[in-house]
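Whenever a hint applies, use it, and build me the whole structure from the sequences.
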Amino acid sequence: MPKSIIKTENLTKIYPGNIKAVDNVSFEVEEEEIYGFLGPNGAGKTTTILMLITLLKPTSGRATVCGFDMAKEQAKVRSCIGYVSQDTAVDENLTGRENLLLQGRFYHLPKEILEKRIDEVLEMVDLTDRANSLVSTYSGGMRKRLDIAEGLIHRPRVLFVDEPTLGLDIQTRHKIWEYIQRLREEAHMTIFLTTHYMDEADKLCDRIGIIDYGQIKVVGKPNELKNQIGGDIITLKFTNETNSYANQAIEEIKNLSSIENVVPIKDSHNVVAKDGETTVPKIFEAASKVGATIESISLKRPSLDDVFMAYTGRELREETGSKEDLMKERIRMWRVRM
Amino acid sequence: MSVLVDIWNVCWRELKRFRRQPARIFMSIAQPIIWLVLLGNMMQAVSQIPFFPTKNYLDFMAPGIVVMTTIFGGVFGGLSIVWDRRLGFLNKMLAAPISRSSIPIGKMIATSLISSLQATLIIVAALVLGANVITGPLGIVAMILIAMVLCLMLSGISLALGALLKSQETLMVVMNFLTMPLMLTSSALFPAQFMPQWLQDIAILNPITHAIEPIRKITTVGWDWAMILPDVAIIVALTLVVITIATLLFRRSIS
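Order-wise, the sequence lines are chains A and B.
First residue of the first sequence: 674, per my numbering; consecutive thereafter.
First residue of the second sequence: 21, per my numbering; consecutive thereafter.
Everything labelled a hint here was simulated from the structure, so no lab data went into it.
For clarity, every value in this text was computed on a predicted model and none was experimentally measured.
Every residue gets a Cβ at the ideal spot worked out from N, C-alpha and C, and that includes glycine.
It cannot be assumed that every hint is accurate.
Said to hold, decoys possible - Derived Cβ-Cβ restraints for the label pairs, each shown as a range:
hint, chain 1, residue 1, chain 2, residue 2, range
1, B, Arg40, A, Asn896, 41 to 51 Å
2, B, Ser187, A, Asn920, 48 to 58 Å
3, A, Glu704, B, Ser119, 25 to 35 Å
Structure representation (C-alpha cells):
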C-alpha cells in the first residue's frame, strides 16, 4: 500500500449565505502521485485547495497534509507545501530572479542554498536567459512558468497547482504539462492540481476526482473511468424528437444486443454501445422499422467529458446553467477571493 | 527573530517596487515643491501680521509642506495590500510560513521609509528656496523622524481601512476624503491661534497638528523640549495604537 500524503475526512466549507462550496469531501492522495480535481468553475476546487493550504478554515471535517493536521499544525503544513494559484501572482515590478529571491526568503532559505536553488529552478522552467528582465516584459506563459518555479523554490513535498494552464495557448500548455511531469519524476514531488480542462486531467493526472457542486462524484484513473462508461458513444438526433415515432425507435434501439444504455440529452440521445461501428447500421434499421427518421448521428470513443456527464448528468463544457447558478458561482468566487 | 526577517522581506519588496517607478518618485515631490514656490510667495505678506510666529512665511510653511507630503504618501499605504489581495499575491505570501503580522508591519515601514526620502528632498528644496532651520542638520534629522512616525500612523489607518473595505476604489475615495480636512484643520498652513475658536478645538484634536508643532518648534524656535516632547509623545502613542489596530484588523481579514 503506498502511503497517502494528503488525507481529508468529510471536509466541508459553507460560506455565509448558506453556500455549500465543498460538501463532505473525503479523499486521499498518494505520495508521488499527480492527482487532479476535474470540475467546472465554482465546483469547489479552489476552496478545497485553500483549505488544504491553511488559508481557509473548514466549516467541518478535517485534513492532514504531509502527516500534519491542517487546522492545528499550520506552520508545519505551510513549510512542506508549495502553492501556485490560478492568478499567476508574480510581481511585475520585480525581475524574475528577484521574485524567486523574495519567495525563497519567505521560506527562510539560507543565502547560499537560495542562490543555487534559484539557478536550478530557472533552468528547469527555461527562464535562465530572461531571469534579470522585469516580469512586466514576460509573456503569459513565461509568467506562469516563473510562478511554478516560485512554488518549487523550497522543494516542497506537495505542490498545489490551481488551474495550471488557465488561459494559455496550446504549446505553452503542453510545456507546462511537461514541467509538472518532470517534477514528479525528478523531484519526487506529489502534485495536487485542479482543472476544468478534460484533456489536462486526461494527459497529466494519474488519478482524478470528478467534483461538481462541492461533491466528489467519482475517483479513478482516467482510463478506468472511461472504460467504466461501458463502450462507445453514439449521439443521435431524430428529425422530430418529440414525435411518438422517435420514442418507439428508442424502445427498439434499447432492445439491440450491443446497447448498454440510452441517455436522453437536451434535443438528442446518447447511446452507449459495445461495438460502435456495427451498431450504427443496426440503429438505422431499428429506426426505419417504426418509421422514424434520423437527422444526424455521430460516433466517438468515450472521453472524460462523457465520464463527467455520466456522473453529474451534465456536460462539463456547459459553463453556466441558469442565471441563478451564475450568480451563486460569482458569490462563491467572490467569497474565495476575499 | 524570524519575524524581523519577514518584516524586512515584505519591506524590501515595496522599496524595490518604488525604485522601479521613477515617475512616482518625481510626482510625489513635484507637487509639494510647487506648493512651496506658489504658496510661499503668494502668502509672504501673511507673515507681516502682528504676532505671526515667524518673520518669513516660507519658514512657517516648510514644516507644513513636509508633513503634507507625508500625509499624501501615508494615506495610500494601504493600497498595496488591497492590490496584493486582488492579484493573489497576498495568498501566495500567506501560503508561506511567514509571520502574519509581518505583512502589514513591513508595508507600513516601507511607506514610512519612502516618505522619509520624500521629506528629505522637500527639505532640500525648501532650503534652496531660502527657508531656515535654526537647529541645523540635527534639526533636519529630527524633522524627518517625526514625519516618519506620522507616516506610520497614516499608513496604519489606511491599512486598517483597506482590511475592512477590501476594494481599492472605495479605499481611494475614503482616504482622499480624509486628506483635505486633515490638512486644513491642522496648523500646517496657518497658525492655529489665528483660527476661530471652534476650528482651534478641532486643530488640537487633529493628530497632524501634533506632528507639525514640534517640527515647527525645532525649525523656528530651537530645542525647546517642554514644547516638543508632549506633542511627540502624543504622536508616538497614537501611532502605536494605530499600528496595533491595523495589524489586528489585517489578521482578522485573513482568517
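Status of the hints after comparison with the structure:
For the hinted restraint 41 to 51 Å between Arg40/B and Asn896/A, the CB-CB distance of approximately 49 Å keeps it satisfied. Distance hint check for Ser187/B and Asn920/A: the Cβ-Cβ separation is about 55 Å, which falls inside the suggested range of 48 to 58 Å. A beta carbon spacing of about 30 Å between Glu704/A and Ser119/B agrees with the range 25 to 35 Å that was offered as a hint.
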